[in-house]
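Participant: Protein chains in written order, with our numbering: chain A, 1 to 208; chain B, 1 to 331; chain C, 1 to 510.
In short, the hints are calculated from the structure, not lab data. Where hints are given, some of them may not hold.
[Said to hold, decoys possible] Derived CB-CB ranges, DEER-like: (1) B:P32 <-> C:E386: 18 to 28 angstroms; (2) A:D12 <-> C:G122: 26 to 36 angstroms; (3) A:D18 <-> C:R90: 22 to 32 angstroms; (4) B:T233 <-> C:R90: 47 to 57 angstroms; (5) A:K72 <-> C:N52: 52 to 62 angstroms; (6) A:Q180 <-> C:L94: 26 to 36 angstroms; (7) C:Q301 <-> B:P32: 36 to 46 angstroms; (8) A:T8 <-> C:L356: 57 to 67 angstroms; (9) A:H190 <-> C:V67: 33 to 43 angstroms; (10) B:T172 <-> C:G57: 27 to 37 angstroms; (11) A:N128 <-> C:T423: 15 to 25 angstroms; (12) C:G57 <-> B:S181: 46 to 56 angstroms.
[Claimed, not checked] Listed below are several chain C residues computed to face chain A (Cβ distance under 10 angstroms; list not exhaustive): (13) R152; (14) L153; (15) A156; (16) A158; (17) L160; (18) G161; (19) P164; (20) H166; (21) T167; (22) L170; (23) P174; (24) H175; (25) N222; (26) R387; (27) G460.
No residue lacks a Cβ here, since even glycine has one placed at the ideal position from N, Cα and C.
Listed here are the chains, written in short residue letters.
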Amino acid sequence: MLKVSNLTVAFDGITILDEISFTVPTGETLAITGPSGIGKTTLLNAICGIIRTTHGNVLIDDTDITSLPTHKRGIGLVSQTGDLFPTMTVSQNIEFGLRISRTPQRERTVRVNELLDLVGLTHLAHRNVAELSGGEARRIALARALAPRPQVLLLDEPLSGLDQETHESLISDLARVLKQTTTTALLVTHDQSEADLLANTTFVLPRK
Amino acid sequence: MKFTRTLITASLVIITTACSSPTANTSTDATPNEVTLLAYDAFTPKEGIFDAFTATTGAKVKVVTSGDTGTLISKAILTAGNPEGDVLWGIDNTLLSRAQKAELLTSYEPVDYGDICVNYDKQWFTSRNIAPPTSLEDLALPTYKNLLTVQDPVASSPGLGFLMGTIAHFGTDKWQAYWKSLKANGVHIAADWTTAYTIDFSGSSGKGKYPLVVSYGSSPPAEVLYAEKPIDTPPTAVIESTCFRQTEYVGALRGTRNPNNAKKLISYLLDVSFQESMPLSLFVFPVNKKATLPDLFTKFAVAPKNPLTLDPADIEKNRDAWLSTWRDIIL
Amino acid sequence: MAEYMERHHLVSKTKTLLIAPVVFLSVFFVVPVTNTFLRYFRFSEFGNVLSNQSLRGVAWFSLWQAVVSTLATLAIGLPVTWALSRFTFRGSRLARGILTAPFVLPAVVIAAGVLAITDSRGVIPILWAHVVFNVSVVLRIVGPRWAMVNLRLEHAAATLGARPSHTFTLVVLPHIADAVISAATLVFVYCFTSFGVIAILGGISRRTLESEIFTQAVRLGNTETATALAVVQAVIIGAVFFITRRSSRSLSTSLHVSSPQQLRTKPTHRLTPLIITAAAIVVVASPLLATIYRSLVVNGQLSLSAWRTIFSGTLPALSVSPQSVITTSLVFAITAACICVPLALLVASNSAPRALFSLPLAISAATLGIGLIITFNRSPFSWRSERWFIPLIHAVIALPLMIRALEPAAKAIPNSLRNASATLGASPFATWRHVELPLLKPALLRATGLSMATSLGEFGATSFLSRSGSTTLPIAIAQLLGRPGVATQQAGFALAALMVLVTVGVMSRA
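Hey, can you work out the whole structure from these sequences and the hints?
Facilitator: As structure tokens, this is what we get:
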């Protein structure tokens, strides 16, 4: 369960998020919507610790993680741009989180194959990430984020900017993956239909 | 890329040919309105001193400087026969033979002299009630343990002068023992004059740890002339019996394109007016007996009647061997 | 197809322009150095040098002190490069200026500053002076590259559970590795060929090959021995370049181009870069402060007389005014930069023969100096005593450094950008002017600063060139410090301090 209470973020005296509170029950997906520029990405960055919160708390299963550094929070993130490591191959990207946690090599290989299978891209395992299409890159980013089995998965506009066909295939795959992995997820989107399809609940980010 | 290659080859060929073409020998001056004086960086004559020369001869003096004496002479030797100027200032007796061997100069004469002597910090000795040393032998006494800083003779001309002085004083077979005793007495070897005098020495700006330093017989008047606040007497003095005579020469360079002007400039440099300007601009003594010394020099500068000396030919013959023996003793 | 044609056209155009740097380097470097070797290299002397025990010791000392100095420089330089290229904070520009300033200063000033603090000579002071000198090289070469590493990649690594140290080694390092190797190679070469620092801090028992080459050539007149040693030195440096060139090539990658971002992190994270920067400044700035202190304090008392002397327009004992010394130095530095930076840019944006353009680093300054005076000695090439010849040679010496400073940024520009511009109808020049140049601007500014710095501080090959009425700052400082009299030495330190302050000012803007 992810619980956000009274979360406030301000930079240089300008309040970007003001007293935001919500809860995502374990295994469920909450969609965050709102017009662009409202602070959706900032909210995700604050939850995973990339930016600093002015006050308020983030809890996972009643453990306060507000003061933990990003790498100790156990929160996965699929960002808008994918941010695959260009110096690594597709499978090395997926393997990254497992390598960090010193998972034995055999387990890693199994898990990477499992995830490649899950996102349907087994044939691209040894590709250079620069050669991937937009949709493929999103899928790999998703697989990479899922690999270390995060307690919470943050998805930042995972479907924006794709062509109609890719969008449709990815949206159904994403729904399937979220259901299969029973991950607690937070989905940021500006598209209400996307929210309806993927999320159990929708939270509209209020204006400041 | 073919064009590039052709262009490079062409430029290389042009330059190489140009460099190997012989120069024409001329008996009259190529540039009668100019004469070039080559000197070391520290050659800083009195401002406007060459105006009188230009007024009488019509030739302008161009002073071209490069590096210290060693650099200047090495460069001059490398370009012997095709010199960068007409007159060379600053060869001293420790380097004279090397210049002769390379037939660097067509004629040369002594132009100034000075001495390389141990200087001491007067206040350091009076405040401790210790008498300053008075001889080379004294420097090896326990009273003066860890007080002396000298320059590396390989890199520094005062350092070389001091080494030559010890050889002149103790003889070619006993100087080695003297340096062993200096080493045992804690002599400090500095890289160059600047380090020894401005960083190690306690008597000048650096306020270092060593009250005894190898410098020049003319250093005390310089301390007065360039004092931070006006003073009457220098804070330093010279141990006369340690002084090694250094004579500087001026000469016409072989291959000069202006031999007549070169001759005129040399006689001007030896003339009373220039000679009298030297003590306070270059801190050296004039060779011209008719030149009168400024008060500051007569009072504080030291040039002993019978300084230590060595024959330039002996120096040239033995320099490398002496230096390597010295290195073996010190290292 | 049209796209391919355009691109091909563009590449061949700039390739032709490579003639300029190639000819420049050939005429002012390759020819004179070849001339020295042709005239003074003897195989017999080479054998003597190799079998000489004490000269082998000199080579060994040059090598190991250079390796240790390089490691120490990276240990201090890399963290502060991270801090300054990742974060902007109050005083970060000033910090950059302070850390870069020593590169411009004559070795005598830095060495005297270190000596004033350590009060002893030997290996530790040498290492310290080398670090002070070279942190700026790391900062200038690795900094722009680091700033280009997409910050979001680091965030992605953190969300996957990577500690900052893991993020650095696994995600950041592969991106900046070639810049780090490039900087480390340069630092190694500078320390290996160190001359001024060794002369003052090494005493007489610590010598490098470079200082031995000068001793042999200038003090003892053994040009043949010096030339043989120069060959040994060139071979060792050449080997180092060969090794690092291979490893840097295998690691180079294409990068996202993004401008450095201001990171808003947790308070604890915010303090780390400040602490790292402060620590680096203490190491680098304390010898500089010692210089300023010596210009202000006489006999334990504050005195402004040296500064008054400088600003009153006279230098004691020198027949030049401080204004003319400063003007000469600046004119030389600007001229050298105007020659060097465009040439370096041409080389950096093309795959030019790297070995050729690394040569000035491998060849001893004495070898070049001797070559210049025996080559440019007859009309119409009688340039050795010309005033303009000095900045020209400064440009030759700065060229390899400039290329290295520009190359990482130039390589990071993706071809797709050029293609995009070309397909939009932009001529190669327009592409360069409107697309590439703006992206290269920060790197270019830094390179210009470095080039001017090299010119202001150069004291090796050009000390072989004669000057008439063109005393530069390092020469004036060395002259003032090289004479007795408190006032002259004070003025020397004041001039050095002025150089420190002006440089810090200029570098914190560039």
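Participant: Give a verdict on every hint.
Facilitator: These are the hints, each one checked on the structure:
1. B:P32 <-> C:E386: 18 to 28 angstroms: About 21 angstroms separates the Cβ atoms of P32 of chain B and E386 of chain C, which means 18 to 28 angstroms holds.
2. A:D12 <-> C:G122: 26 to 36 angstroms: Hint violated: Cβ distance 50 angstroms, outside 26 to 36 angstroms.
3. A:D18 <-> C:R90: 22 to 32 angstroms: holds (28 angstroms)
4. B:T233 <-> C:R90: 47 to 57 angstroms: Holds: the Cβ-Cβ distance is about 53 angstroms, inside 47 to 57 angstroms.
5. A:K72 <-> C:N52: 52 to 62 angstroms: At roughly 60 angstroms between Cβ atoms, N52 of chain C and K72 of chain A fall inside 52 to 62 angstroms, so the hint holds.
6. A:Q180 <-> C:L94: 26 to 36 angstroms: violated (55 angstroms)
7. C:Q301 <-> B:P32: 36 to 46 angstroms: Cβ of Q301 of chain C to Cβ of P32 of chain B: about 56 angstroms, so the range 36 to 46 angstroms is violated.
8. A:T8 <-> C:L356: 57 to 67 angstroms: This hint holds: roughly 60 angstroms between Cβ atoms.
9. A:H190 <-> C:V67: 33 to 43 angstroms: Roughly 56 angstroms apart at Cβ, these two residues miss the hinted range, so it is violated.
10. B:T172 <-> C:G57: 27 to 37 angstroms: holds (28 angstroms)
11. A:N128 <-> C:T423: 15 to 25 angstroms: holds (24 angstroms)
12. C:G57 <-> B:S181: 46 to 56 angstroms: Check failed, 27 angstroms falls outside 46 to 56 angstroms.
13. R152: Because about 5 angstroms separates R152 of chain C from the closest Cβ in chain A, which is inside the 10 angstroms limit, the hint holds.
14. L153: Check passed: Cβ of L153 of chain C comes within 5 angstroms of chain A, closer than 10 angstroms.
15. A156: Holds: closest Cβ of chain A sits about 4 angstroms from A156 of chain C, inside 10 angstroms.
16. A158: This hint holds: A158 of chain C lies near chain A, its Cβ roughly 4 angstroms from the closest one there, short of 10 angstroms.
17. L160: Check passed: Cβ of L160 of chain C comes within 4 angstroms of chain A, closer than 10 angstroms.
18. G161: Because about 5 angstroms separates G161 of chain C from the closest Cβ in chain A, which is inside the 10 angstroms limit, the hint holds.
19. P164: holds (8 angstroms)
20. H166: Holds, because the Cβ-Cβ distance from H166 of chain C to chain A comes to roughly 6 angstroms (cut-off 10 angstroms).
21. T167: holds (8 angstroms)
22. L170: holds (7 angstroms)
23. P174: Status holds, d = 4 angstroms.
24. H175: Hint holds; H175 of chain C Cβ to chain A Cβ min 7 angstroms, cut 10 angstroms.
25. N222: Violated, about 51 angstroms.
26. R387: violated (50 angstroms)
27. G460: Violated. Min distance 39 angstroms.
Comparing the model with each numbered hint stated earlier shows that hints 2, 6, 7, 9, 12, 25, 26, 27 do not hold.
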